[in-house]
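Colleague: Residues per chain, in single letters:
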Amino acid sequence: MTDVLTTTNTHGLSNEQLLEIDYYLRLTRTLEERLVALFRQAKVIGGLYRSLGQEGESVAAAYALDYKQGDVVQPLIRNIGSILVAGAKPSDIIKQYMAKADSPTRGRELNIHFGHPARDGFIGQISMLGDMIPVMAGIALAGRMQKKTLVTLAFIGDGGSSTGAFWEGMNFASVQKLPMVVIVEDNGYAYSTPTAKQTAAKTLADKSYAFGCHGVTVDGNDVLAVYGETKRSVERARSGGGVTLLEVKTFRLKGHAEHDNQAYVPKELIEEWQRKDPLARYEKVLMELGVATQDQFAEIQQRVRREIDAATDEADRSPMPNPADAARGLYIEDGYWEER
Amino acid sequence: MPELSYLDAINSAMAEEMARDERVFLIGEDVGVYGGAFKTSAGLIDRFGPERVIDTPISEIAIIGAASGAALMGMRPIAEMQFIDFITCGYDMLVNFSAMNSYLFGRACPMVVRGPAGGGTHGGPYHSLNPEAMFMNRPGLKIVAPGTAYDAKGLLKAAIRDDNPVLYIEHKYLYRRIKENLPEDDYIVPIGKANIRRKGKDLTILTWGAMIYVADEAADVLAKDGVSVEVIDLRSILPFDEEAILESVAKTNRVIILHEAPLTGGAGAEFAARIAEKAFDYLDAPIKRIASLDVPTPYSPPLEAFYLPNKDKVLAAARELLAY
Numbered sequence: 000m001t002d003v004l005t006t007t008n009t010h011g012l013s014n015e016q017l018l019e020i021d022y023y024l025r026l027t028r029t030l031e032e033r034l035v036a037l038f039r040q041a042k043v044i045g046g047l048y049r050s051l052g053q054e055g056e057s058v059a060a061a062y063a064l065d066y067k068q069g070d071v072v073q074p075l076i077r078n079i080g081s082i083l084v085a086g087a088k089p090s091d092i093i094k095q096y097m098a099k100a101d102s103p104t105r106g107r108e109l110n111i112h113f114g115h116p117a118r119d120g121f122i123g124q125i126s127m128l129g130d131m132i133p134v135m136a137g138i139a140l141a142g143r144m145q146k147k148t149l150v151t152l153a154f155i156g157d158g159g160s161s162t163g164a165f166w167e168g169m170n171f172a173s174v175q176k177l178p179m180v181v182i183v184e185d186n187g188y189a190y191s192t193p194t195a196k197q198t199a200a201k202t203l204a205d206k207s208y209a210f211g212c213h214g215v216t217v218d219g220n221d222v223l224a225v226y227g228e229t230k231r232s233v234e235r236a237r238s239g240g241g242v243t244l245l246e247v248k249t250f251r252l253k254g255h256a257e258h259d260n261q262a263y264v265p266k267e268l269i270e271e272w273q274r275k276d277p278l279a280r281y282e283k284v285l286m287e288l289g290v291a292t293q294d295q296f297a298e299i300q301q302r303v304r305r306e307i308d309a310a311t312d313e314a315d316r317s318p319m320p321n322p323a324d325a326a327r328g329l330y331i332e333d334g335y336w337e338e339r
Numbered sequence: 000m001p002e003l004s005y006l007d008a009i010n011s012a013m014a015e016e017m018a019r020d021e022r023v024f025l026i027g028e029d030v031g032v033y034g035g036a037f038k039t040s041a042g043l044i045d046r047f048g049p050e051r052v053i054d055t056p057i058s059e060i061a062i063i064g065a066a067s068g069a070a071l072m073g074m075r076p077i078a079e080m081q082f083i084d085f086i087t088c089g090y091d092m093l094v095n096f097s098a099m100n101s102y103l104f105g106r107a108c109p110m111v112v113r114g115p116a117g118g119g120t121h122g123g124p125y126h127s128l129n130p131e132a133m134f135m136n137r138p139g140l141k142i143v144a145p146g147t148a149y150d151a152k153g154l155l156k157a158a159i160r161d162d163n164p165v166l167y168i169e170h171k172y173l174y175r176r177i178k179e180n181l182p183e184d185d186y187i188v189p190i191g192k193a194n195i196r197r198k199g200k201d202l203t204i205l206t207w208g209a210m211i212y213v214a215d216e217a218a219d220v221l222a223k224d225g226v227s228v229e230v231i232d233l234r235s236i237l238p239f240d241e242e243a244i245l246e247s248v249a250k251t252n253r254v255i256i257l258h259e260a261p262l263t264g265g266a267g268a269e270f271a272a273r274i275a276e277k278a279f280d281y282l283d284a285p286i287k288r289i290a291s292l293d294v295p296t297p298y299s300p301p302l303e304a305f306y307l308p309n310k311d312k313v314l315a316a317a318r319e320l321l322a323y
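First to last, the protein sequences are chains A and B. The opening position of the first sequence corresponds to residue 0 in numbering that gives the first Met the number 0, with each subsequent residue numbered one higher. The opening position of the second sequence corresponds to residue 0 in numbering that gives the first Met the number 0, with each subsequent residue numbered one higher.
Note that these hints are calculated values from the structure, not bench results. There may be inaccurate statements among the hints.
[As the list claims (entries may be wrong)] Far from chain B, by Cβ distances over 12 Å, these chain A residues were calculated:
hint, residue
1, Leu4
2, Thr6
3, Ser13
4, Val35
5, Leu252
6, Arg274
7, Asp294
[Said to hold, decoys possible] Selected chain B positions facing chain A (Cβ under 8 Å, derived; list incomplete):
hint, residue
8, Thr55
9, Ala61
10, Asn95
It should be emphasised that the depicted structure is a prediction, and the values quoted were computed from it without experimental measurement. Glycine included, each C-beta is placed from N, C-alpha and C at the ideal position.
Sequences are here, hints too, so could you generate the full structure?
Modeller: Below you can see the structure in the form of structure tokens.
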């Protein structure tokens, strides 16, 4: 249990919604634990990237969107929780990691790099960090041209916010006053490089001054605080108030990927942030507010476990791709993606 | 049949497609109020408004990226590079994001990236690029390079209506030099089909872009010597009309590949390899390539003239092949 100070403003969320957030937090953590098991069984083909300690901001930010209005979230590799909130199926994520034929990308791409902005409410990143910022600006631009009320929410990291694509996209979106929120995560490290070697800016939110957009910093491990700030930013964007660069202070408790033992991170730092665990803090608040009991959390965990078990079974049974399919679908008129 | 310049043809293709389909819009640097650095988009902002003719910051990554995002949402953006040289600034976005949408994710990404390419205008090393080869080995794009006003209009319309990202390479040397009477009715030139510009039986010149006129000049001279030259205007670089190339080589048994980009690693290398693989038995002489020198495009007119392919270089190669 944690003794870190946490906000208790529930921002108008119902008890049902507060518990739903808890469900997504636990779903994210349990899904990743399952992926670790599958990785160790050599069933995950590529790398595995954990969001341990960062699940709070991923889930809370994505929960502030309104997918019925066409809102679109774009995760980075550690924002697995955000696409679960948007409606991604755990079985699809496991199949992606296992490179299965019936995964959303049919074995062509890895992990959570999938999704369609107009169909799914989310679009996965590509590996070139920063590139999705201009793309998300374009999605917001299209929404405005199509007279929709949608808002786009993009995640970027302390490392990604050093790229030219990030700067060009933020600048363009701000000039156009597009309905867009960009969450910039300071999670301490980009692979092995600490944030202090990434930027001389005092905070990542300070970069907002260069763009003339809104800049806010929030405790990324305080679920309700992240939800509240994101909600405020999203509503402002929806009502024509332009772009917000919302910095969340959090910490990557694991290495860059499973192969990385993070020997470059001081042990005390990891211990300090373990005490700030977002899930533990959130559940403590829910209990203090009388919203939920330990028994209810246990029930949620049982439900999550059943769902992840079923998703794992489904992914395990799925076939690997037909090798010759590698030649299909370069151009959309091939019709490959219409076939099942 | 109104007479239109190559540049007018581009302008009218955009105007007609924007009028026909409200999903089509133009985004780029100085494309709106100023009408484009070469005036290719003159008048469009007055007709379609700033929402559909969008002036951007100097940000090629953002232009191509925003166009891609909008395309995924069902729009049909035309992204202009002020000079095609600056596409290198957005190269990553185009090859890693735009081009991969279908193959990786099954997403249609209907967009055009277009801009003025090519030399002969003393634009120097940063305003003369012929970029096709740097995109040929990154699957997912279609690449077209019109050399006539008719093709400029028809290929641009086809590119805008295509459901994939299309790189449309327009040659700025031709903007105001080429004028043709174009049909008033709507037409497209299908992507992937070459044009046999001149029929012949002794020698094939395979070329595209502004070099079709160099091929014409050489063919005229050779005709006086009694040599019948077939000129293929490839028009589409990717996918390309392999059938038209192989048929012509099977008929003439001699081929010169002529392009304006530098020789080494140029698109011509791919076509030469394809001919060697599939039509070797038809060849009576080695495949010849005429291209620019393997250096950046120099600025000063005598240097640039030496650098570029020309009629005399083609004639020398042709005579060598004919005497082989």
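Colleague: Is the interface hint satisfied for Asn95/B? The criterion is a beta-carbon contact with chain A at less than 8 Å.
Modeller: 5 Å, holds
Colleague: Does Thr6/A sit more than 12 Å from chain B, CB to CB?
Modeller: 34 Å, holds
Colleague: Does Thr55/B pass the interface check with chain A, least Cβ-Cβ distance below 8 Å?
Modeller: 6 Å, holds
Colleague: Say whether it holds or is violated: Ser13/A keeps its Cβ farther than 12 Å from all Cβ of chain B.
Modeller: 32 Å, holds
Colleague: Compute the least Cβ-Cβ separation between Val35/A and chain B, then decide whether it is above 12 Å.
Modeller: 25 Å, holds
Colleague: At 12 Å, judged by beta carbons, does Leu252/A keep clear of chain B as stated?
Modeller: 30 Å, holds
Colleague: Run the C-beta distances from Leu4/A to all of chain B and say if the shortest one exceeds 12 Å.
Modeller: Given that every Cβ of chain B is farther than 12 Å from that of Leu4/A, nearest at about 39 Å, it holds.
Colleague: Taking the minimum C-beta separation from Asp294/A to chain B, is that value above 12 Å?
Modeller: Non-interface label stands for Asp294/A: nearest chain B Cβ at 42 Å, farther than 12 Å.
Colleague: Over 12 Å to the closest beta carbon of chain B is the bar; see if Arg274/A clears it.
Modeller: 40 Å, holds
Colleague: Let me know if the C-beta of Ala61/B comes in closer than 8 Å to any C-beta of chain A, holds or violated.
Modeller: Status holds, d = 4 Å.
In terms of the numbered hints stated before, the structure departs from none.
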